[in-house]
Amino acid sequence: MSHHPTVSCIPNTGKMSKAKKVIEEAKEINNPEIDLVDKGISSLDEIPSLFTLENITRLSLSHNKIQVVPAALANLVNLEILNLANNHIQELPVSLSSLPKLRILNVSLNRLYTLPRGFGSFPVLEILDLTYNNLNEKTLSGNFFIMDSLRALYLGDNDFEFLPPEIGNLKNLQILSMRENDLIEVPRELGQLSRLRELHLQGNRLVVLPPEIGSLDLASNKSVLRLEGNFWVPPIEDQLKLGPSHVLDYLRSETYKVLYSRHMSAKPPPPAQTLDKSKKASRAA
Amino acid sequence: MPGLATMSLDNMFCTRCSDGFEPNEKIVNSNGELWHTNCFVCAQCFRVFPEGIFYEFEGRKYCERDFQVLFAPCCGKCGEFVIGRVIKAMNANWHPACFRCEECNMELADAGFIKHGGRALCHSCNARIKADGLQNYMCHKCHGVIDGEPLRYRGEVYHGYHFTCATCGVELDHTAREVKHRPGYAANDVNNLFCLRCHDKMGIPICGACRRPIEERIVTALGKHWHVEHFVCAKCEKPFHGHRHYEKKGLAYCEQHYHQLFGNLCYVCNQVIAGDVFTALNKAWCVHHFACSVCDAALSTRSKFYEYDERPACRRCYEKFPAELRRRLRRAHHYTVRR
Ligand SMILES: [Zn+2]
Ligand SMILES: [Zn+2]
Ligand SMILES: [Zn+2]
Ligand SMILES: [Zn+2]
Ligand SMILES: [Zn+2]
Ligand SMILES: [Zn+2]
Ligand SMILES: [Zn+2]
Ligand SMILES: [Zn+2]
Numbered sequence: 001m002s003h004h005p006t007v008s009c010i011p012n013t014g015k016m017s018k019a020k021k022v023i024e025e026a027k028e029i030n031n032p033e034i035d036l037v038d039k040g041i042s043s044l045d046e047i048p049s050l051f052t053l054e055n056i057t058r059l060s061l062s063h064n065k066i067q068v069v070p071a072a073l074a075n076l077v078n079l080e081i082l083n084l085a086n087n088h089i090q091e092l093p094v095s096l097s098s099l100p101k102l103r104i105l106n107v108s109l110n111r112l113y114t115l116p117r118g119f120g121s122f123p124v125l126e127i128l129d130l131t132y133n134n135l136n137e138k139t140l141s142g143n144f145f146i147m148d149s150l151r152a153l154y155l156g157d158n159d160f161e162f163l164p165p166e167i168g169n170l171k172n173l174q175i176l177s178m179r180e181n182d183l184i185e186v187p188r189e190l191g192q193l194s195r196l197r198e199l200h201l202q203g204n205r206l207v208v209l210p211p212e213i214g215s216l217d218l219a220s221n222k223s224v225l226r227l228e229g230n231f232w233v234p235p236i237e238d239q240l241k242l243g244p245s246h247v248l249d250y251l252r253s254e255t256y257k258v259l260y261s262r263h264m265s266a267k268p269p270p271p272a273q274t275l276d277k278s279k280k281a282s283r284a285a
Numbered sequence: 001m002p003g004l005a006t007m008s009l010d011n012m013f014c015t016r017c018s019d020g021f022e023p024n025e026k027i028v029n030s031n032g033e034l035w036h037t038n039c040f041v042c043a044q045c046f047r048v049f050p051e052g053i054f055y056e057f058e059g060r061k062y063c064e065r066d067f068q069v070l071f072a073p074c075c076g077k078c079g080e081f082v083i084g085r086v087i088k089a090m091n092a093n094w095h096p097a098c099f100r101c102e103e104c105n106m107e108l109a110d111a112g113f114i115k116h117g118g119r120a121l122c123h124s125c126n127a128r129i130k131a132d133g134l135q136n137y138m139c140h141k142c143h144g145v146i147d148g149e150p151l152r153y154r155g156e157v158y159h160g161y162h163f164t165c166a167t168c169g170v171e172l173d174h175t176a177r178e179v180k181h182r183p184g185y186a187a188n189d190v191n192n193l194f195c196l197r198c199h200d201k202m203g204i205p206i207c208g209a210c211r212r213p214i215e216e217r218i219v220t221a222l223g224k225h226w227h228v229e230h231f232v233c234a235k236c237e238k239p240f241h242g243h244r245h246y247e248k249k250g251l252a253y254c255e256q257h258y259h260q261l262f263g264n265l266c267y268v269c270n271q272v273i274a275g276d277v278f279t280a281l282n283k284a285w286c287v288h289h290f291a292c293s294v295c296d297a298a299l300s301t302r303s304k305f306y307e308y309d310e311r312p313a314c315r316r317c318y319e320k321f322p323a324e325l326r327r328r329l330r331r332a333h334h335y336t337v338r339r
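Top line first, the protein sequences correspond to chains A and B.
Heads up, the first sequence is in full-length UniProt numbering, so the first residue is 1 and it goes up one at a time.
Heads up, the second sequence is in full-length UniProt numbering, so the first residue is 1 and it goes up one at a time.
Calculated from the structure, these hints are not laboratory results.
Some hints could be false.
To be verified - Part of the chain A face toward chain B, derived, beta carbon under 7 Å: (1) His63; (2) Gly142; (3) Ser278; (4) Ala281.
Every residue, glycine too, gets a C-beta built ideally from N, C-alpha and C.
Excised from the complex, chain A in its bound form:
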């Protein structure tokens, strides 16, 4: 419960008029890319003229104080890039997922606890950045993993303990970041993502990896595999000291397959949570 007065009643005239000026200028010269970064905007309803810019292809609203994303934002049907990074957003309207040309959506550094039902129906989304929110496997929308046009999915700094096996449906995924979640396990289906070139699993509570990961092309000089800061079984930890490509070699070995299946049937209790997330800015209400 907040005892502060509602800040949006006192318009920050200096910055607000700047936002309006940007929009007027864009209209005049028909600029398809709108930068409204760090303009002190707390509600998009204060700049209604924004919703008339039907021709714009990029809208960058990073570093404002937006709490509510109006459903009418989906009227900007030519948007290809929508950047809402570092705002105070707790909820997204499902209308966004009908934007027919939206390729890049950035809602990182916000306060999302859930995603709306139907969030997965973006027709052409390629990069989805949900880094630094409060999401977990239970709050993902049911159709989240039908976004098979995705080539990059950033879910770092969230609260996932498990990654749903449907991740294997995202056949075009090249980048997956699960950095600093609470992952206890990753599914075998991850091994189906044959185009994956970047996998960030550092800072979780992982002990073993499915042997299928060993078949991914993550050892080339254009690939990234981040595994540090987990609770790996000693043979994985030893290989990791030599480098991620050694881990992949080891995952492919027969010895490891035996170790993995023993581990999975014994189901030892997962390591305790070690990250203190209470200080995350995404928790502020």
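Once you've looked at the hints, dock chain B with the ligands against the given chain A.
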């Protein structure tokens, strides 16, 4: 799999919109996936499938028309879409029934074929033509039979000895070159025959692929000249026909294969980068799209940026990150530097 009747409406959701269903609402069930009748539509035109017929490609469903337009190749003979079995041969796609021997018209799809003088022939026609040596040509001037290869001139065949080189006057044979176009000459003034030596001295461009002179449309690329139909992708050998090509190590590639082989796609627009390339953090950007991943502000080669999940974040954004995140990023950075 439980039948529809035994499933409770409460946990049935539409695959497209993930909303539930009304009691007594008509539900489409396709392979266990449920849809509102209005949601069961073509992924391209968003219209209901005519007569319920749809095609699936990479997990999406399309109406017949859009499926054909998007994915079905065109037959090199009849020009219709090829659905079902596609014969890939002679740098084109064919219906099995359309790919036939150019001598006897036998279907070649299963029998196999031999490329002879740019034509697809069945094995027996190829053998026969080879044995005949060359077909029996008849000289257009004296109507006598030509032994060996004829001299070709204005679309007819002749004995070489009826002609002499327009420059040096030597008697010609089948190696003579006909020149149809020359810069600065009217077409009816040229149409002349030359011996090989004189022809070479005239500086008519030679195709880098087939080494024959180019007298019609010419493509200049990779420091060489090419017949339009001989300037092809080094990987799939399809002619570019004026479409954009991409060069690498002295070879030319179509967009698809350049990307497949060299992977310089812009991280933001996902297009092959034609001009200058910015590379950092295992990624590439085109000039227009090298920008901070948090605020979209343009970066230059001189810009200082911070690594954030293998993407660039500008200094302004980094300073606006929550302090506890900055602390963790710093620690992670030390880790990677140490290794
Ligand atoms: Zn529906
Ligand atoms: Zn045909
Ligand atoms: Zn034949
Ligand atoms: Zn001559
Ligand atoms: Zn040629
Ligand atoms: Zn090609
Ligand atoms: Zn680009
Ligand atoms: Zn920035």
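Hint by hint, here is what the structure shows:
Taking 7 Å as the C-beta contact cut-off toward chain B, the hint placing His63(A) at the interface holds, the least distance being around 5 Å. Hint status for Gly142(A) relative to chain B: holds, with the closest Cβ pair at about 5 Å, below 7 Å. The closest approach between the C-beta of Ser278(A) and any C-beta of chain B is roughly 10 Å, which is over the 7 Å cut-off, so the hint fails. A distance limit of 7 Å between C-beta atoms decides the matter here; for Ala281(A) the minimum to chain B is near 4 Å, and the interface restraint holds.
Hint check: a violation occurs at hint 3 only; the rest are consistent with the structure.
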